[in-house]
Amino acid sequence: MPIQEQALSSLIGGMSLRDKALALLVVGGPGTDLIPAVEQKAGSGCVGGVFLTEAAGNWSVGPNGAVSAAQILAPAVDCEVAPLVVTDAEPGTRVLKVPVAPLAHPREFGAVSAEDLPGAVAEFTARSTRFAMDLAAAGVHLNLGATVDVDVDAGHYMARQRRSFGGDPVVVQAFGEAMVSGHCDAGVAAVLKHFPNQGAALADPHLGESVSSNSLAQWRTFGAVPYLGTSAPVVMTGHIRYPGIDGGRPASLSAEITEGWLRGELGFDGVVITDDLATMRGVTIEGTAGARAVASIEAGADLVLFVSHSEVEQIVASIIERATTDPAFLARVDASLDRLLRLKAAFGLVAPLDPDWFTLC
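Residue 299 in this note's numbering sits at position 299 of the sequence shown, and the numbers go up by one each step.
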């Protein structure tokens, strides 16, 4: 076994259950003392990642105007595995949670014909690289901003939001991969979302249950297309439900969708992160915060996102309890840690591992 593989295996094997539980969490909260707040509740601030937003007052701006996550990360200096810095910066200005100049949305190019698509994609790739360089300068590792939902029609949720790349799966795939490529060139991971396809839902998952109007057969030739052969290192599962699939559970909590569709049918072997499990009504009706975290990990998620750290103690306790009593669940946790630490190592966030051995995209 190569020495880096040995070091990775040894690192995971030496982690306590508390360390492992915390490593799978991405948490948010107000101000710049996020990590001390988590440490006070959970006994350690060495979480998998911190979700930073301008509205929560997380970003600090230096005297020269530069935006940085350094103040947030400073208390985690002793973590053997440092947290990822995660934010949400989609094209346009509707969802831009870090104070940098926005990435122009492809809609600004106007209608794109099949003939014009290669040129438009090349331009968007270049713009994405410049944008991601600004994110990298601010300390961002993961951008939850590559929205590849395919709109069923203008009345569906994502189309009403004007956040998607449109209703043509081929065009959406092209712009999605352009954004991923541009970010990879800048050393940032662009996260594809919201798997399987939030563009097929009429209702807003922030407000309640969000159900797909497309069948599984329709999804395979429509919403699945942007994920086929993607080079994205991370995919986000959404809270959309499919009638008759896994008891109607949201995708973020469904093994049939995460493991079956994403990993099995599409062959994705990168990191899977959930959409927010703390505040979105489309998923918070599914038991306690701890139960939702456990269900997501059981379903195949590697990182569980809670934009509020208010229940972190309960979440960690729930993961530890399940891992203590269920060997299969503990094996799932270790498999997630293997994928996650490989991603973090590519960013230089894992002290014992050589970043040159690992690839981001």
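Treat the hints as calculated values from the structure; they're not laboratory data.
A hint or two may mislead.
What the hints assert, rightly or not - Using 25 Å as the maximum straight-line C-alpha spacing, the simulated SDA-like pairs for lysine to any residue come out as follows:
| no. | residue 1 | residue 2 |
| --- | --- | --- |
| 1 | 41 | 80 |
| 2 | 20 | 247 |
| 3 | 41 | 279 |
| 4 | 20 | 43 |
| 5 | 41 | 357 |
| 6 | 20 | 218 |
| 7 | 20 | 248 |
| 8 | 20 | 245 |
| 9 | 20 | 62 |
| 10 | 41 | 5 |
| 11 | 41 | 284 |
| 12 | 41 | 18 |
| 13 | 20 | 37 |
| 14 | 20 | 33 |
| 15 | 20 | 79 |
| 16 | 20 | 9 |
| 17 | 41 | 266 |
| 18 | 20 | 139 |
| 19 | 20 | 202 |
| 20 | 20 | 60 |
| 21 | 20 | 213 |
| 22 | 20 | 286 |
| 23 | 20 | 358 |
| 24 | 20 | 360 |
| 25 | 41 | 64 |
| 26 | 41 | 313 |
| 27 | 41 | 63 |
| 28 | 20 | 321 |
| 29 | 41 | 307 |
| 30 | 20 | 39 |
To be verified - Derived Cβ-Cβ restraints for the label pairs, each shown as a range:
| no. | residue 1 | residue 2 | range |
| --- | --- | --- | --- |
| 31 | 57 | 136 | 19 to 29 Å |
| 32 | 6 | 136 | 27 to 37 Å |
| 33 | 213 | 324 | 18 to 28 Å |
| 34 | 115 | 74 | 50 to 60 Å |
| 35 | 62 | 95 | 16 to 26 Å |
| 36 | 55 | 117 | 33 to 43 Å |
The beta-carbon is built from N, C-alpha and C at its ideal position, and this holds for glycine as well.
These are the hints, each one checked on the structure:
no. : hint                  : in the structure
1   : 41 x 80               : holds (20 Å)
2   : 20 x 247              : violated (29 Å)
3   : 41 x 279              : holds (19 Å)
4   : 20 x 43               : holds (13 Å)
5   : 41 x 357              : violated (35 Å)
6   : 20 x 218              : violated (38 Å)
7   : 20 x 248              : violated (29 Å)
8   : 20 x 245              : violated (30 Å)
9   : 20 x 62               : violated (34 Å)
10  : 41 x 5                : violated (33 Å)
11  : 41 x 284              : holds (21 Å)
12  : 41 x 18               : holds (12 Å)
13  : 20 x 37               : holds (19 Å)
14  : 20 x 33               : holds (22 Å)
15  : 20 x 79               : holds (13 Å)
16  : 20 x 9                : holds (13 Å)
17  : 41 x 266              : violated (39 Å)
18  : 20 x 139              : holds (24 Å)
19  : 20 x 202              : violated (37 Å)
20  : 20 x 60               : violated (29 Å)
21  : 20 x 213              : violated (38 Å)
22  : 20 x 286              : holds (23 Å)
23  : 20 x 358              : holds (21 Å)
24  : 20 x 360              : holds (22 Å)
25  : 41 x 64               : violated (35 Å)
26  : 41 x 313              : holds (6 Å)
27  : 41 x 63               : violated (33 Å)
28  : 20 x 321              : holds (12 Å)
29  : 41 x 307              : holds (16 Å)
30  : 20 x 39               : holds (15 Å)
31  : 57 x 136: 19 to 29 Å  : holds (22 Å)
32  : 6 x 136: 27 to 37 Å   : holds (30 Å)
33  : 213 x 324: 18 to 28 Å : violated (41 Å)
34  : 115 x 74: 50 to 60 Å  : holds (51 Å)
35  : 62 x 95: 16 to 26 Å   : holds (25 Å)
36  : 55 x 117: 33 to 43 Å  : holds (35 Å)
Violated hints, listed in ascending order, are 2, 5, 6, 7, 8, 9, 10, 17, 19, 20, 21, 25, 27, 33; each of the other numbered hints is respected by the structure.
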